[in-house]
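2 protein chains.
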Amino acid sequence: MKAKEALKALFYPDSVAVVGASRNPRKIGYQVLRSLVEYGYQGRVYAVNPAAESILGVRCYRSISEIPDSIDLAVLIVKAEDAPKAVRGCVDKGAKGIIIVSGGFKERGEEGEKLEREIVQVARSYNARVIGPNCIGIYNSSNRLDTLFQAAERCLRPDKGPLAFISQSGTFSLAMLEWAAECGLGVSKFVSLGNRCDLTEAELLEYLAEDPDTQVIAMYIESIPDGRKLLSAIRRTAEKKPVVVLLVGRTEEGAIGAKFHTGRLAGDYRRAAGALRQAGAIIADTIYQLFDYAKALAWQPLPQGNRVAFVTNGAGPVVTALDRLSEWGLRLADLDAATIQRLRDELPAYTQAEQNPVDLTGSATSSDFKTALSILLESKAVDIIMPFFVFQDTPLDEGIASVMAEVSSRSKEAGKPVVCCAMGGPYTRSMVSKVEESRIPVYESPERALSAAWSLYMYSAVRKRLRSGAT
Amino acid sequence: MKAKEALKALFYPDSVAVVGASRNPRKIGYQVLRSLVEYGYQGRVYAVNPAAESILGVRCYRSISEIPDSIDLAVLIVKAEDAPKAVRGCVDKGAKGIIIVSGGFKERGEEGEKLEREIVQVARSYNARVIGPNCIGIYNSSNRLDTLFQAAERCLRPDKGPLAFISQSGTFSLAMLEWAAECGLGVSKFVSLGNRCDLTEAELLEYLAEDPDTQVIAMYIESIPDGRKLLSAIRRTAEKKPVVVLLVGRTEEGAIGAKFHTGRLAGDYRRAAGALRQAGAIIADTIYQLFDYAKALAWQPLPQGNRVAFVTNGAGPVVTALDRLSEWGLRLADLDAATIQRLRDELPAYTQAEQNPVDLTGSATSSDFKTALSILLESKAVDIIMPFFVFQDTPLDEGIASVMAEVSSRSKEAGKPVVCCAMGGPYTRSMVSKVEESRIPVYESPERALSAAWSLYMYSAVRKRLRSGAT
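Chains as they are written, first to last, in our numbering: chain A, 2 to 472; chain B, 2 to 472.
Rather than coming from a laboratory, the hints here were simulated on the basis of the structure.
Incorrect hints may appear among the rest.
Identical chains share a label here; the pair holds if one copy fits it or two copies do between them.
Pairs of lysine-lysine residues, derived as DSSO-like cross-links and limited to a Cα-Cα distance of at most 30 Å, are as follows [unchecked claim]: (1) Lys-371 x Lys-28; (2) Lys-371 x Lys-80; (3) Lys-28 x Lys-9; (4) Lys-435 x Lys-28; (5) Lys-86 x Lys-28; (6) Lys-230 x Lys-241; (7) Lys-413 x Lys-381.
It should be emphasised that the depicted structure is a prediction, and the values quoted were computed from it without experimental measurement.
Start from the sequences and build out the full structure, keeping to the hints where you can.
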């Protein structure tokens, strides 16, 4: 109950104080304030800076205690050694949520760790909860609460949408947020945990599992402090919504890196990844995979099986996809005679249609794609459809966007995901955007497309297992 | 000698005939002609189309024999069954180079294979050589010879530069060309081999090894018909210039795919990859790697060893890089006491400088990067420097581009490659472009940056081995 109240203060505060606001646009304390007052958040915002009258039109107070209002959320940009006192000031003012952006804590050694313990003790004694330190805080698309110190000119914010993202790394978060924004994949809530001295992934998962705005959860984790809690939270969540996890600490160097970064030594990677997988998480190996899986899972229906049909107007990338199909636990769909007959009858003579992959060749038009995709959507031998486009090829007309819009609704009815690949420059990206408007994901390499298709297949299996009660 | 003459006709023809030119802008035969007359090629261009007067201002002839000029190069867009006759017409006109764009040959089965044999026989009897069929032909940046059927509005062409690319897949080629164009990595020559009925990678390598415009060669191969020749060509070339190879056919499905695509069954992947590696090729596993390696090898000096120093203003991606460092045969440089002292003395207090990775933190400015990079460039404990940027972070000013320009020239003097990582959206990409103007490659994920650093280390070892005469 208490965590829930604090999470409400963290995601939906009526009033926010920025402690350590700065007049210098190059400073973090300036941009945090700017993100709160200029990017759409409608709550009351206060700034604490003993030397300034006002910053960005926000009146500054010399100390937290002088703010003539109660505050729900405090964002701290202060020296590590000053943080415990600042936190006490905030909870005295009623703050239930505290975000500590500053670094200089556990990642610096024992002194910093002690400071973190002190902060958590103070906060907890007031039923307040802490995010960070050493983090970039929170972005909530529904009320535009935004504590990022990255200016919008430099870092896109995604619109509302199905993806929630929890991360120990601010840098990865920025990439995820921008990639999501660029492809129109909306984000419900984003939390950067940094050193994660208090509030954990497990608690956030429990919350996001019930959050109606969130359909898919992605996480970047450098260490697992509360294994049992996290596993049980994943288990409960993954029954309802996919949980994709990128875990580091595969090697000794990585574990050292994690320590240097967020101040914790990761445990044994394989054991940890295995346990997360068993609990129902979809494990990503790279940041691309973390994003690619989340996108596929947010947009596409789950397949009934692993039989893949390819359709293409340029075969090279399909060849490399075939090359890795079995590594990803997928199979080339063995088309039935009736499907092959229809492909042969309905497609033009220049195509190589009597097989899977269906090669429409460089002469293919959007109408050829439409014909082939319609037939494959109706085939009982196919679970997943993977169109590989060469948008550069002159014969392929731009009608392909509306063809894919139609395919999108039919694929949902049929329960057959469609996962595409297209590689190239500006024109290709513009066509990818048009196709992705229909929520059909298009990936930039065959490997990425394949792995995304795998994530759909894998989550369908995981959900079945969790719902059946097997563990 | 004969191959050399034919290659001259293929890359530097004075006259080109497009056989099968079309009036329909949606057709391949239209765009091939357009690429030859509108994108800068200055030679004489003729079109063969029995039904048209002229296309794109080029007078059309009813047949090849009616062209009142000798031709060096012929580009054929004709039905497979008409190809042998067309080839005969071309060689009768003096053509030494023949590019067959059309498909419908070996990839369709025995009939098509027979047609290919017939074509090669005709061509060879006139000392002409054939590229294709089932390909997109040639792009030569130095004379803008361009037979691609992808309109420039849809597919960027790179400027002159160090990379040559040979590919059995047209689709991969387009991606490579566009990615090269977008990052300012110039391309010397590009050849799409398709079914590769005649001219082979081995022959092209021999030519490109001597080509002064070419510094790095990348290849996409679906099968190896002439193993010995290819290996010896790689050995001779790799002594002078890096040869990067993406080979498919890892699995049975991939081998089937290669057959369906270019009509050949790939052999045993591991054995083939091992032999290529032994001959001196740098083996890429994905199209990203093929491109990423080529870019690093084209732009950066070779390192003396495998000791990596990281500098960053956002540690997450560095942690995942550390996690994979040993998988790539790289080591975290163990900084000497003097270097650590200098880092500690010269960097501001907010940085975590007394170690490798050097964490400049989210407060880092371009001047902090300059200080750290200068010190690392001078450290004897460091072979490869990997800056990981968070361009979104407000404190990082745009002076970073000129800092990196200076670093670029110093890194070349010091013989220490610099390989960067930066992830994000439009602003990040704009900063990446600025950094890459100094020929310092910036990759979009830690894994990509690491693998590129590996390729530099690997090629330095390979070249040493080849030059020492060891095999």
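Violating hint indices (sorted, rising): none
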